[in-house]
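Each chain, written out:
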Amino acid sequence: MSVIEIRGLRKSYRVYQKKEGLLASFRGLLHREYRDVHAVKGIDLDVQKGEFVAFLGPNGAGKTTTLKLLSGVITPTAGDARVLGYVPWERNNDYRRRFALVMGQKNQLWWDLPAQESFQLHQKIYHVDPVAFKRTKDELVDLLNVGKLLGQPVRELSLGERMKMELIAALLHSPEVLFLDEPTIGLDVVAQHNIQKFLKHYQQVRGITILLTSHYMKDVAALCKRVVIIAGGEIVHDGSLEGVIDRFSDYKVLTLDFAGDKMPGDLARFGEVLEIAPPRARIEVDRTRIASVLSTVLADYAIQDVSVEDPPLEDVIASLFALTERRAELSDRDAKQAAVAAAPAPSP
Amino acid sequence: MLARAAIWWSILEMCIAERLAYRGDFVLGTTMRFLPIVTQIFLWTAVFASAGSGKMVGFTRNDIVAYYLLTMIARAFTSMPSLAGGVARQIRDGEIKKFFIQPIDLIGFLLIARIGHKLVYYGVAIGPFALVFFLCRGYFPGWPPAEYFAAFLLSLVLGFLLGFFLEASLGLMGFWILEVSSLLFVYMLFNFFFSGHMFPLEVLPDPWRTWVGWLPLKYLAYFPAAVFLEKIPHDQLWRDVLILAAWVVFFMILCRRLMHAGFRRYSGYGG
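Chains A and B are the protein sequences, given in the same order.
Start counting the first sequence at 1; every next residue gets the next number (this note's numbering).
Start counting the second sequence at 1; every next residue gets the next number (this note's numbering).
So here's chain B without its partners, still in its complex pose (with noise of 0.2 Å):
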C-alpha cells in the first residue's frame, strides 16, 4: 500500500513538474481564462436592461452574474483540456503502448496526473479568482448555510470525478473509432449549451429543461453553482448529490470497461 502511495506520488510530481516546463503557455493560459467575464457582466447587464423586469426565470441581474462566476469555479473543477483528444491521440500514435508494458495502471495514471495539473491551476488561478471575487463581491447574496456550502464543496469534488471520467470514457473510445474529435465536437456543444456553462437551466423551456435534467451534463456547471445560490430546494439538495454520485459510479465503471475491451482490441498502431 505505502509503495503504490510512493508511485502514485512521484507520478504527482513528476506531473506538475511537467505542467511548469511551458512557463509562458501556463502563464498566459491561466489569466487569459478570466478575461470572458467582464464580457458576461456587460452582457447580462444589457439583456437585463432590454428585459425592463428586475427578474428572470427567478434570477436577478446580480444573480446571473454570481451563478457566471461560480460556474467558473465549478468548470475549473470539470473541465478537462486535452484529456480525450490526447488519450485518443495516444491511442493513435501508439504512444499508449507504454502502459501495457509498464506495471501501472492507464486510468490510475491519467487520473493522478489530471490532478496534478489541477493543483498548479489552482495555484496560479487561486490570486486572480481571489481578485476577481473579490470585485465582484457586491453581486453575491452572501454565503449559503453550512449545509448548502458543504454541498458545494462536495459537488465540486464529485464534478471533477465526473468530468475526468467521462471525457476519459470518450477518448478511450478511441480504440474504436481512432479519430475521436467529431465526437468531441459533439460533446462539446452539448456541453456548452447543457451544463449550464452559458446560461442557468432554468432558462431553458419545457420538455428540454426536464431532459436536461436527467443529464449528468448539469453536473459540470449549474449544479454547484445553483446549490451555492440556494436555487436547489432542501428536499431535493442531498438527492441530487446522490445522483451526481452515481453517475461517478457508472463512468467510473464505463471507463474501465471500455479500457479493458480496448486494451484486448488493440492492434498496436504506430508501429
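Pulled out of the complex, with its shape left as it was, chain A reads as follows (with noise of 0.2 Å):
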C-alpha cells in the first residue's frame, strides 16, 4: 500500500494584479482585477514506504503548494489525496504525529529561547515517551553536531545552525513522513553537505519516506533515486534521475583528444563545438549521430582519446524547465483566445 496517494489534486488561487504606478494604486481601491493561477492541475501520485523522492520544477511550478497540501497547511480546490491513510486538510491529530514538514528558513523553533527548550515543548505536544525522546534527541544532536549549541538563544545561531536545529525539532517524534521543502536553501557548500549527509544516513537507518524539494541537483543526485519532475502545475516526469538525461537530453558530448597539435577546422560539421582548447575539442553532438560521428572521427583524424558524456544534469533540468515553461505560456495564450472566442459577441 502507499503511504502517499494523490489522485486528480488540484489548487487554484485567484490573485490581485496590480498595474504600475500611484493611479492604478487610486484606481484599484474602486476596481480590481484579479487572475486565476491554477498552481496544482490534477496530479496523480504515489508515494511507497521508504522511498526518497525528489520533487523538481521552476519556481512557482506546483511543488511547494504540493507540500502545503499533503501537510494539511492549504485545502485544495479539487482532488484527493490521502498520506498513511489520512486525508491531510482534516488536520487530524494523529496524522500531525505521524509526519513532519520542514521549510527551509521557516522557524518552528521559539525565537528568543535556545533549541533544547523546543525541544521539551515537542516532547510534550507530540506525546513523546521521556526515555524514546533523550534517546533520539541525542542521537540527533550527535548525528549533526551541535552538542553546543543547545543552550544558546535560536536568533544567535547561524542559517546553517538554525536549520539543524529546525531538522532536530521535525525529527525528535520519530515522523514516518518528512516533508522537505528546499532545506539547504542559502547554505554554503559545508553546511549542504552535512545536512545531505545526515538526510541520506537518517533515511536509511529509518526508513521513512522523504519528500524532497530542492533547486540543487547535487541534493537530489546525492539523496533521490526519483525523481519526479513538476512544471505548470503538472507532472512531467516520474522516474529515475538518469531516465531524466535519457528523456528530455537529445544531445552527448564528446571530448577529442588529437594527437597532434594541428587541429582541424571542420568540426563543425559533426555538431556544436564547445571548446576547443588544443589539442582538446569538445562537441555537442546529437545522440542519434554518436556512432556515426565517433566512426569518423576515429577514421579520419589521428585521436590520442576519446569520451563520450551525458551533458551536465543542471543543463537537462535548466532546458526542461525552459521548455515547460514555454509551453505552459502557450497553454495558457490557447486558453485566454478560446475564451475571448467562445464569448458572446457584443449586440448591435
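By construction, these hints were calculated from the structure, which means they are not laboratory data.
All C-beta atoms, glycine included, are put in the ideal place defined by N, C-alpha and C.
Among the hints, erroneous ones may be present.
[Said to hold, decoys possible] The following residues of chain A were derived to be distant from chain B, with all beta-carbon distances above 12 Å: (1) SER2; (2) GLN204; (3) ILE235; (4) THR255; (5) PHE258; (6) LEU267.
[As the list claims (entries may be wrong)] With a Cα cut of at most 25 Å, we get these calculated DMTMM-like pairs of lysine to aspartate or glutamate: (7) A:LYS134 <-> B:GLU18; (8) B:LYS98 <-> A:ASP80; (9) B:LYS118 <-> A:ASP112; (10) B:LYS98 <-> A:GLU5; (11) A:LYS148 <-> B:GLU18; (12) B:LYS98 <-> A:ASP112; (13) B:LYS98 <-> A:ASP94; (14) B:LYS98 <-> A:ASP305; (15) B:LYS98 <-> A:ASP129; (16) A:LYS148 <-> B:GLU13; (17) A:LYS18 <-> B:ASP93; (18) A:LYS49 <-> A:GLU20; (19) B:LYS98 <-> A:ASP266.
Put the two chains together into one complex; each comes in its own frame, and the hints tell you how they fit.
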C-alpha cells in the first residue's frame, strides 16, 4: 500500500493584479482585477514506504503548493490525497503526530529561547515517551554535531545551525513521513553537504518516507533515486534521475584529444563546438548520430583519447524547465484565446 | 487529560521564559505604565477646580481618581498588547503554518501565551501597583461589600477573557484582509472612548450613554471599576455580570469560527 496517494489534486488561487503606478493604485481602490492561478492541475502520484523522492520544478511550478496540500496547510480546490491513510487537510492530530514538514528558513523554533526548550515542548506536544525522546534527541544532536549550541538562543545561531535545529525539532517525534521544502536553501557548501549526509544516513537507518524539493541538483543526486518533475502544475516526469537525462537530453558531449597540435577546422560538421583548447575539443553531438560521428572521427583524424558523456544534469533540467514553461505559456495563451472566441458577440 | 495539561503547562513555562528574555524592555514597559497616573490626578484636580462644584455626574474628584486607578487594574487584565497585530502578522508572514502542522490548537496556544505574559507582568507590576494604591489610598471610599468585591474579581477574570477573544477575533480577520492595522486603529479609537478608559461613562450624554451601554467595550475598563466603587445598582450587578459572561461566550464562538473558516481559506502566504 502506498504511503502517499494523490489523485487528481488541484489547487487554484485568485490573485490580485495591480498595474504599475500611483494612478493604478487609486483605481485599485474602486476596481480590482484578479487572475486565476492554477498552481496544481490535477496531479496523480503514489509514493511507497521508505522512498526518498525528489520533487523538482522551476519556481512557481507547484512543488511547495503540493507539499502544503500534503501537510494540511492548505485545502485543495479539487481532488483527493491520502498520507498514511489520512486526508491531510482534515488536520487530524493522529496524522499530525506522524509526519513533519521542514521549510527552509521558516522557523518552527522559539526565536528568543534556546532550541533545547523548543525540543522539550515538542516532546509534550507530540506525546513522546521521555526515554525515547532523550535517546532520539541525543542521537540527532550527535549526528548533526550541535551539542554545544543547545543552550544558545535560536536568534544567535547561524542559518546552517538553525536548519540543523529545525531538522532535530522535526524528527524528535520520529515521523514516518517527512516533507522537506528546500532544506538547504541559502546554506554554504559545507552546511549543504552536512545536511545531505545526515538526511541520507537518517533515511537509510529509519526507513522513513521523504519528499524533498530542492533547486540544488547535488542534493537530489546525492539523496534521491526517484525524481518527480512538476512544471506548470503538472507532472512531466516520474522516474529515475538517469531517466531524466535519457528522456530529455537529445545530445551527448564528445571530447576529443588530437594526437598532434594541429586541430582540424571542420569539426562543426559533427555538431555544435563547445570548446577548442588544443589538443582538445568538445563537441555537442546529436544522440542519434553519436555512433556514426565517432567512427568518422576515428577514421579521419589521429586521436589520442576520446570520451562520450551525458550533458551536466543542471543543463538538462534547466532546458527542460525552460521548455515546460514555454509550453505552459502557450497553453495559457490558447486558453485565453478560446475564452475570447467563446464569449458572446456584443449586440449591434 | 493529564497529557494535555502537561502540554499547556509547558507552553506556559515557555511563554514566561520568552517574556523574560528581553529584561530591559520588559522592566521599562512595566514601570512606565504608572507615569500617566500623576498626570491624570493633576488633570482631574484642574477640571474640578474650574467646574467649581464638588461633584460631576455623581463623581467627586476623589471618586474620579479612584475610578482611574481601578480602570488601570481592569486594563491590566483586559488589554492585549500586540495580540491582534501579532496574529495578523503571523498570517501574512506564513508563521501561522506551524499551527496547521503541529498537533496544537492555535487559540488555546494564544490564550496560554497571553496568560503567561500577564502572569509575568503582574509578578513585576504588583510592587509598583501596591505602592501607588498605598500612596493614593485617601482617594478611595474604602473596601466594597464582599458581594461587590466578588463581582469585581469575577469581572476582571471575565474581562480578561473578553479582551482576549475579542482581539484574537480581530487578528483572525487577517485571513481575509491581511493588513488589519486600520481595523485595529478603529477598534482602539472606540475602545479608548467607550470602554471608560479615559472617563466614567456617566460623563457621556444620552443617547450615546445608552448605546455604549449595549457594547461589550464597557466591560474592558468601566465595569470593574464601577463595581468596586458601588456605582452599579445592586439589582443590576449580577445581570451585568451575566451579560459580560454572554459576551465572552459570543466572542469565544466567533473566534473559533473565524479560525476554522480562515484555515479553510488560507493560501499559505509567505512561501
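These are the hints, each one checked on the structure:
For A:SER2, the requirement that its beta carbon stay farther than 12 Å from each beta carbon of chain B is met, with the minimum near 21 Å. With a closest Cβ-Cβ approach of about 25 Å to chain B, A:GLN204 is found to remain outside the 12 Å limit, as its non-interface label requires. A cut-off of 12 Å between C-beta atoms confirms that A:ILE235 is not in contact with chain B; the least separation is 20 Å. Every CB of chain B is more than 12 Å from the CB of A:THR255 (nearest about 41 Å), matching its label as outside the interface.
Residue-level check passed: A:PHE258 sits 51 Å from the nearest beta carbon of chain B, beyond 12 Å. Annotated as non-interface, A:LEU267 keeps its C-beta farther than 12 Å from every C-beta of chain B; the closest such distance is 47 Å. Restraint check: the Cα-Cα separation between A:LYS134 and B:GLU18 comes to about 23 Å, which is no more than 25 Å; the hinted pair holds. Proximity of B:LYS98 to A:ASP80 is assessed by CA-CA distance (about 23 Å); at most 25 Å being required, the pair is judged to hold.
A hinted pair counts as satisfied when its Cα atoms are at most 25 Å apart, and B:LYS118 with A:ASP112 qualifies at roughly 18 Å. Restraint check for B:LYS98 and A:GLU5: the C-alpha separation of about 23 Å stays at or below 25 Å, so the hint holds. Of the pairs offered as hints, the one joining A:LYS148 and B:GLU18 holds, with about 21 Å between alpha carbons and a cut-off of 25 Å not exceeded. For a cut-off of 25 Å, the pair hint linking B:LYS98 to A:ASP112 stands: about 17 Å separates their Cα positions.
For the suggested pair B:LYS98 and A:ASP94, the alpha carbons sit about 16 Å apart, so the restraint of at most 25 Å is met. Distance hint between B:LYS98 and A:ASP305 is unfulfilled; the C-alpha atoms sit about 57 Å from each other, more than 25 Å. Annotation: proposed proximity of B:LYS98 to A:ASP129 holds, straight-line Cα distance about 22 Å (limit 25 Å). A threshold of 25 Å between alpha carbons decides the hint, and for A:LYS148 with B:GLU13 the separation of about 23 Å falls inside it, so the pair holds.
The straight-line distance between the Cα atoms of A:LYS18 and B:ASP93 is roughly 20 Å, inside the 25 Å bound, and the hint therefore holds. Only pairs whose Cα atoms come within 25 Å are accepted, and A:LYS49 paired with A:GLU20 is rejected, the gap being roughly 49 Å. Between the alpha carbons of B:LYS98 and A:ASP266 the distance comes to roughly 62 Å, so the proposed pair goes past 25 Å and is violated.
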